[in-house]
Structure formats: C-alpha cells, structure tokens
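Top to bottom, those sequences are chains E and X.
In this text, residue positions in the first sequence follow our numbering: the first is 1, and each later residue adds one.
In this text, residue positions in the second sequence follow our numbering: the first is 1, and each later residue adds one.
Simulated from the structure, these hints should not be mistaken for laboratory data.
Heads up, the beta-carbon is just placed ideally off N, CA and C, and yes, glycines get one too.
Please note that the accuracy of each hint is not assured.
[Claimed, not checked] With the C-beta cut set under 10 Å, the calculated list includes, among others, these residues of chain E facing chain X: (1) Leu47; (2) Leu122; (3) Glu157; (4) Ile173; (5) Phe175.
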Amino acid sequence: MSTPNGLLNRTSADVLTTKRRVLQPLRALKRYRWYYLMMVPGIAYYLIYHYWPMAGLLIAFKKYNILGGIWGSPWVGLDNFRELFNTPDFFRLIKNTLVISLYRILFNMVPDVMLALILNELRVKWFKKWVQTITYGPYFLSWVIVYGLVFAFFAPEAGLVTTWMRDSGMQSIDFLTNKDLFRPMLIITDIWKSTGFGAIIYLAALAAINQELYEAAVVDGAGRWRQMWHITLPGIREVFILLLILRIGHILDAGFDQVYIFLNSRVLETGDIIDTWVFRRGIEQLDYSVAAAVGLFKSVIGFLLVISANKLSKKVGGSGIW
Amino acid sequence: MSFVKHRSTSDRIVDFILYAIMTVFCLATLFPLYYVLVMSLTPYAEVMRNGGFVIFPTKLTLEAYRTIFDSARIPQAIKITIFITVVGTFLNLLVTTLLAYPLSKKFLPGRGIVLMGIVFTMLFSGGLIPLYLTVKATGLLNSLWALIIPGLVSSFNMLIMKTYFENLPQEVEEAARVDGCGEVQTLWRIVLPLSLPIMATLGLFYGVTHWNAYFGGIMYLTDPKLQPIQVVLRSMIQTPSVSSELQVNTTVLDALPPETIKMATVVVATLPIIAVYPFLQRYFIRGMLIGAIKG
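Model the full structure from these sequences, guided by the hints.
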C-alpha cells in the first residue's frame, strides 16, 4: 500500500517476476504438500491403469510375442490393421455394433420418456411412488442375474415360456440360441432392466417446468393433450437431445456386459460386437496385437465421436457435457 | 390446482388407461423375480405334477438352498464376493476422497492439469488388451486384487464427490485451520462428518458394482477358487448339469432338477442387492441427479 513498497516493486520488477516464476511452484509445492501427498495414490492409479495402457497400444503396431513383451516385440507397421480390414469378420462386427446401438437408442430412449410422461400424469402420490420404486429396482441387478431370469423363462427344457409353448402344442423355439431373436432379447431385457432408472432424469426435467405455465394454459382452455404437446414435451426436449447426442457419441459401445453374457456360438452372426470379438481374439486366443488394433480403432473413432457430439450438443442445446 | 378436480369423462378414461398400463408394467417387473423365487422353493415332485412349472406352489422346500450351501463352490464364491465388496468399497472411497478433496480446492496449483488428465481417461482408453497386459505386468493375474485395484477410482464418482466438497461451506474449514488443524485433520474431523450423505451414496455405488462384478473374474482369474459369485452363477447357468460346477456328490443332485439349483443360486446372488435396495434408492436418485447436472 505505502509508497516505499510501490517504489521497490517498480524498480526491481523484472528481477521479481523471474524469481517468482522459479520459486512459486516450489513454494506452492511446500505450502500445499499435504494436498499433493493426498493425491499420490489416485494419480498413481491413473498413471498405471489408464495412461500406461494407452502407451501399451503400441502393440497394435507390433507383432506381439511373449518373450519380447510390449517393448521387445518387433514393429510391423500397419500389418495388424491390414489383416483386420481384410477379415470378413470385421464388417459384420461393425454392422452388429451399429445396429445393436441404434436399436438401443430407439427402443430405450422412447420407453424412458414414455414412462416419465405417464408417471407425471399420475395424481395418486402413493401409487406413483410405488411404481417408481418397483420399476427402477432391476437397474441394480447384474446382467448375470438378468440372464438367470431369462433362463427361467426361456431355457430349452424347463423355461416357463418354453414349457407353456410345448404344452399348448406350438412348435418350440430355442430362444437363447436363435440368431433372429438375439437382438430382440437384448432390447427387451434392457427395457425391463433400465427403463425405470432412465425415466428419472426426465422426471427431474419435468419437475423443473414452471407450474404457472399449466395454469395459464388451462385458463386459455387447453386440454390435457394440448398441455402435453405445448408445455410438457418442450420442457424435456433439451434433456432428450442432450442424451441422444451423448448416445450417438458412444455408438460403438453396444453394451459389452450384456452382450457378452447373452452371446453364444450360434448367435455370433447377429450378436458379435467389436468388444466381444476383441475379448475372444485377445484374451482367449492370445492374439494380443490384432485385438489391440481393433481396440485402438474403436477408441479413436469413439473419441472423435464423443468430441464432436459434445460440440454438437453445445450448438443445439446450448450446454455441452463439459 | 383447481383444474384437477374438474375432470371430463374422457379424462377419466385416459387416467384409467394410464393406471392400468403402470400396473401391468410393475407386475411385469416383479413377476420374473417372484417366479425365480418360487422355482427355487418348489419341491421337484410338485413341479413334475404340474407339467413343468408352478406359479402358486402349495408346498415349499429349502432343499435347493441346503444343497448350495453344502457345496464346495458357492459358499467359497460368496466369501470372495463379500471380501471384494467390503475391502474394495473401502479402498474406493479412501482413494476417491483423497483425490477429490484437494481437487475441490480451486486455489491449488496444478489442479487443472490433474482434472484434465482424469477427464481425458473418460474419453479415450487403451482398451481391453493393453489393460489386460498392464494388469499382468503389475502382477495381479490370479489375485483378488485384480478385481479391486484396476477399478480403484471411478472418474464419474470422483467428479461427483469433488462437486460436493466444493459446495461445502468453506468458513467451517477455515475456522478449523485457524484453530490449528492441518489439512489432513480438517479432512478427517470436519469435512468427512459433513460428507456422510455423499460417502453413503458413492459407497453404495461402488458396493453394488463390486457385488455385481463378473468381468474381472473372467478376465484375470483362472483359479476357480477365486471366482466371485456372479462368475460361478454364469457358468452354472450355461452348463446343462450343475454337479461339476458345485463340486458335490451327484447322488445328492439326483433329487433336484438342475434348474431348481440354478434358480436358488440366482436368488442368493440377488438377495443382498434386494436387501440394501430400500436404503439405496433415495440416495441413488440424488447421486444420479447431481451426476446428470454436473456430469
């Protein structure tokens, strides 16, 4: 504040800034040492289990052998990618992944919105609460358990549906190994498992709508449908578009957890996705290099998609994901 | 809300349809769970008498559960899963907190770089194979730590926790500092007691993830003694007979159809989730909304 200080600053300003540039980080390091120490385990975790694997992607450009490991194996350039694009498997994988993803977008987002809209119309409080509690429960069950439930209904010998079909003289179908039924099974079980939970976010958006809008609409003589069309639906439009764009950004993630459990050798033609193929080729057949090349392909495309999705959502909805 | 009371006939019809749809949807959600429970409890004789399936049993038996718990494999798998859930959740919370707390301090130099580094891992990853090779290189193959350490921090949960810390009243922390508390003490004595809701939420998130985990078991563990319950359940469902999976005497199993035993295992693997669900649900909704807003 005082004049001497100001004078000092002006006369030796250059010296001070250089000094500050060198000393400040060191001083911060000392001053906040406890904060930095706290972060050590977490940062070490990210470096070892996230950044090291990124460096490990180099094996996509090498011919992996066990003796050499990642670093000692010989370089092969783009050979693994060439092999990949030349297998007929590859296009089937891309197609399955995209189709299953698109089905999920279409058949999961719409039920989510519909459930939220219906819940929003229910006036009996206790009923609404029960419906919510019951419908989002299955979200917390693992896919293995859901497969167990599917098995109880569709097992070839003793499933409820299978037995019922046999008893009523219909031709029995093996639901679990039928390639035409694989995708519908995925989608239906996904609806069963996650619709209740998916509705929550729309319910939050609905709760944020100004109630006066509805009252004004009633005064203007709008019925239930017009209220829904002109107030409710626009109220959730932004959330819907944001989620839609996000999902498109993740279109190469067709749901490994679920697909892996439901998959079997008879339904590979319609059910094998990039992730499950990588698992089989890499972990089961030990062909690390080609499997990693597919993984890299997927990661890069996925990264670009998510980045562009975010840009797009900023343009459309005004708010991005970050 | 006066407009609610005046309802036309068509309004009543719409309401009736909506309530009916919701009732059906709820029953469709509950029925599979109920059916599996019934399957696991109905005696074989009654199943046979009814031509393969029973919806309202007249007799119940715990035989299938007795078989499961007498087997070598299931109790072992449950023990493994409990260990992973308890130890894993504790370590998850510990490391997540230690990372989120400093990152919630906006004045901390270097905070931005660390945050960017973490967010980047949410967008780009090495993928399955390099991760597997890393786990192998760090010596975790065929060790239970392989189910805990590679998933030590969930970036999403960490960001939720960081946001929570940022919204705590800073004055309380500053007062503690004036009274001579160090950073660690402030975190332990002041911040943690104020953070019980978020700790409970994320603890439940992490806990459910561990209980439901099967993928790590398939990928990193070849020793059957180490497999968690979900992995055992999956291989049980996929094999026609269960005797090899259970490692029990086959004569015991003759009395019970394999389906009954499979369903009893499904119930056992589901029960802990159903038991904690009433406690979870309120927290989960709040946690999910925070995440959705701040994502």
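Going through the hints against the structure:
{"no.": "1", "hint": "Leu47", "in the structure": "9 Å, holds"}
{"no.": "2", "hint": "Leu122", "in the structure": "7 Å, holds"}
{"no.": "3", "hint": "Glu157", "in the structure": "8 Å, holds"}
{"no.": "4", "hint": "Ile173", "in the structure": "16 Å, violated"}
{"no.": "5", "hint": "Phe175", "in the structure": "14 Å, violated"}
Violated hints, listed in ascending order, are 4, 5; each of the other numbered hints is respected by the structure.
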